[in-house]
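Taken in order, these protein sequences are the chains called A and B. Read in order, the letters of the first sequence correspond to residues 1 to 351 in this note's numbering. Read in order, the letters of the second sequence correspond to residues 1 to 166 in this note's numbering.
For the record, the hints were derived by calculation from the structure and aren't laboratory data. Accuracy of the hints is not assured; some may be wrong.
[Claimed, not checked] Partial list, derived from the structure: chain B residues whose beta carbon lies under 10 Å from chain A: (1) Phe9; (2) Gln14; (3) Leu42; (4) Ala47; (5) Ala65; (6) Asp72; (7) Gly111; (8) Pro113; (9) Leu120; (10) Leu128; (11) Ala140.
[Unchecked claim] Not close to chain B: a few residues of chain A, all C-beta gaps over 10 Å, as computed: (12) Arg11; (13) Arg35; (14) Ala88; (15) Gly110; (16) Asp194; (17) Asp208; (18) Val230; (19) Arg232; (20) Asp292.
The beta carbon of each residue, even a glycine, is placed where N, CA and C say it ideally should be.
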Amino acid sequence: MDELEHAIAERLLAAAAEPPPGLGGRVLAEARSRRRWRRAVLAAAALGTAGVMAGALVVASGAASPDAVAPPPGPGERLISRVLPDGARLRALALGPDGSVLGMAVTRAGEPRPGVWLAGPAARTPRRVGDVPAGALPYLWTMAEGSGGHLWPERQTIRCLPAAGGPATALGRGWSGRERFHADGGVIVWDAGDTLAVAAGCAGPVRDIPAKGTLEAFSYPYAFVRAGAVMRKIDVATGRAEELRLPSGEQPSGGFAAGPGILAWADGDTLTVWAGTRRRVLHRLPRAAGHDVRLTAGRGRVVCSATAQDGDTGQALVYDVATGRRTDLPGEALAAGDRLLYRDGDLYRLS
Amino acid sequence: MPHPELGAFEEFVQHRLPALFRYACVLTGDRHDAEDVVQEALARTGAAWWRVRRKDDPEGYVRTAMARIAADRRRRAARERLTADPPDRAVEDGALGRITGDAGLTAALAGLPPRMRAVLALRYVDQLTDAEIAVVLGCAAGTVRSQAARALAKLRRAAAEEDTHG
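Construct all of the structure, not just a fragment, from the sequences and the given hints.
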């Protein structure tokens, strides 16, 4: 910077002042007001959407019992009620390869409620399996489900409930709370800064594998750790790694997902799928302003799902890697192993 | 019982409001405009706190929103601007010359269009590159460069005039 530029920086900084009294209160009042308005709009939109979808997909919005209002399950399909005992709804955050669904409770307006809920491999209704302190609710943004355990965050700790039963344990040494953790193949992995932590179940030993970068995806035995445009594919069983070169060093807006033989990422309106030596690019992803995009992958399948941040609406794209077929669903969806879970009003359909 | 989400937001506002307001002053150069900018940015953030809280950096989100709001707002007509009084007469005093030069620069900064000032704040206070500024403001890097060049040209002229008259 030359002398003038230094002077500009000084003059700009000299304008700084302390906030006037009462500004904080006005900010909070305005935020509350906008939040109420937003809820009202979303609730009205959800009612209207359900009416439209009822003709096309027989969506059973507002139903208390799946059997009373929904079409019967298709062949090999299981219905899971989203309706919880206190009237809240289940929001699925993780799907296990065995069909277990782990999630949180939300009000009809999408507000989080305390508690962690699990629908086991054959269950048609979820049961409460964990408590979340009220102050830790904002941290309940991701979960993982696998034979290694049922996992959810509690601030910067990962709570792990053993799949075989027993009390929940605490994992997550070195975890910042900002990256997703994963459970697959009986192990649990999380990003611990400069290392990749690999735990053999909730109470098993934890190994550290040096890995600089961000843990982006996991499909046993491969963890995908990205540093810029270099994606390291690390075999957590042997520690061996190979490097993959990504087209860009930027963080894709929709994140990454891995499945058996698959690495995918979504960025803006583009989904890129690497399957073996094939690379496919799809456009027109399900998204809208204010939606959170989640990418998951199973065996031969990639799902890009968008969920309204405060509402009860979503949409998903299911991409079949073998056939190249894409299917659009009017509700959020998750993939794991051979399973696909998608929301249909007050039900989840699991196939 | 306060809603836990809003509770977390209240905590964020309570802790970060002074720093955010100072940043808004830097972006706008005016306390009243700063108040508008910080209130609008935080109200938007509070309404979507559930989503924002999950991101890496809520404060970064708010600052980006503030920069955009500051850059996109219209310049208010007939705004009263505070400027330093000009010296009564020319004197051969180096230190005083520097002071009047600074005052002229301050006035020239205050007269810049909002987007130009925001570009300068992001470049010289936040030390962002032009490409990063373009991302924050949602425009092309070429636009950032042209805005910065035009702003610097105006400020250099103002500084030169001060030197001449001082």
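Verification of the supplied hints:
1. Satisfaction of the interface hint for phenylalanine 9 of chain B is found here, the shortest Cβ-Cβ separation to chain A being roughly 7 Å, below the 10 Å cut-off.
2. This hint holds: glutamine 14 of chain B has a C-beta 7 Å from the nearest C-beta of chain A, less than the 10 Å allowed.
3. Here the hint on leucine 42 of chain B is kept, as its CB sits about 4 Å from the closest CB of chain A, short of 10 Å.
4. Below 10 Å, beta-carbon pairs count as interface contacts, and alanine 47 of chain B has one with chain A at about 4 Å; its hint therefore holds.
5. Contact between alanine 65 of chain B and chain A, as hinted, is not supported at the beta carbon level, the nearest pair being about 13 Å apart and thus beyond 10 Å.
6. A distance limit of 10 Å between C-beta atoms decides the matter here; for aspartate 72 of chain B the minimum to chain A is near 17 Å, and the interface restraint is violated.
7. At its closest, the beta carbon of glycine 111 of chain B sits 12 Å from a beta carbon of chain A; the interface hint therefore is violated under the 10 Å criterion.
8. Interface hint status for proline 113 of chain B: violated, as the beta-carbon distance to the closest one in chain A is roughly 15 Å, over 10 Å.
9. Because the smallest distance between the Cβ of leucine 120 of chain B and any Cβ of chain A comes to about 6 Å, under 10 Å, the interface hint for this residue holds.
10. Evaluation of the leucine 128 of chain B hint against chain A yields a violated restraint, the C-beta minimum of about 13 Å exceeding 10 Å.
11. Of the supplied interface hints, the one on alanine 140 of chain B is violated, with its beta-carbon coming no nearer than about 17 Å to a beta-carbon of chain A, more than 10 Å.
12. In this structure arginine 11 of chain A is not separated from chain B by more than 10 Å, as the shortest Cβ-Cβ distance comes to only about 5 Å.
13. For arginine 35 of chain A, the condition that its CB be more than 10 Å from all CB atoms of chain B is violated, with the nearest at approximately 5 Å.
14. Consistency note on alanine 88 of chain A: stated as away from chain B, and its beta-carbon is indeed over 10 Å from all of that chain's, at 14 Å minimum.
15. Look at glycine 110 of chain A: its CB is around 8 Å from the nearest CB on chain B, not clear of 10 Å, so calling it non-interface is violated.
16. With a cut of 10 Å on Cβ distances, aspartate 194 of chain A stays outside the contact zone with chain B, its closest approach being about 18 Å.
17. The non-interface label for aspartate 208 of chain A is consistent with chain B: the shortest C-beta to C-beta separation is roughly 23 Å, beyond 10 Å.
18. Chain B leaves valine 230 of chain A outside its interface by the beta-carbon criterion, the shortest separation being 20 Å against a cut-off of 10 Å.
19. No Cβ of chain B approaches the Cβ of arginine 232 of chain A within 10 Å, the least distance being about 21 Å, so the stated non-interface status holds.
20. Annotated as non-interface, aspartate 292 of chain A brings its C-beta within 10 Å of a C-beta of chain B; the closest such distance is 6 Å.
Going down the numbered hints, you'll see the structure goes against 5, 6, 7, 8, 10, 11, 12, 13, 15, 20, while the others check out.
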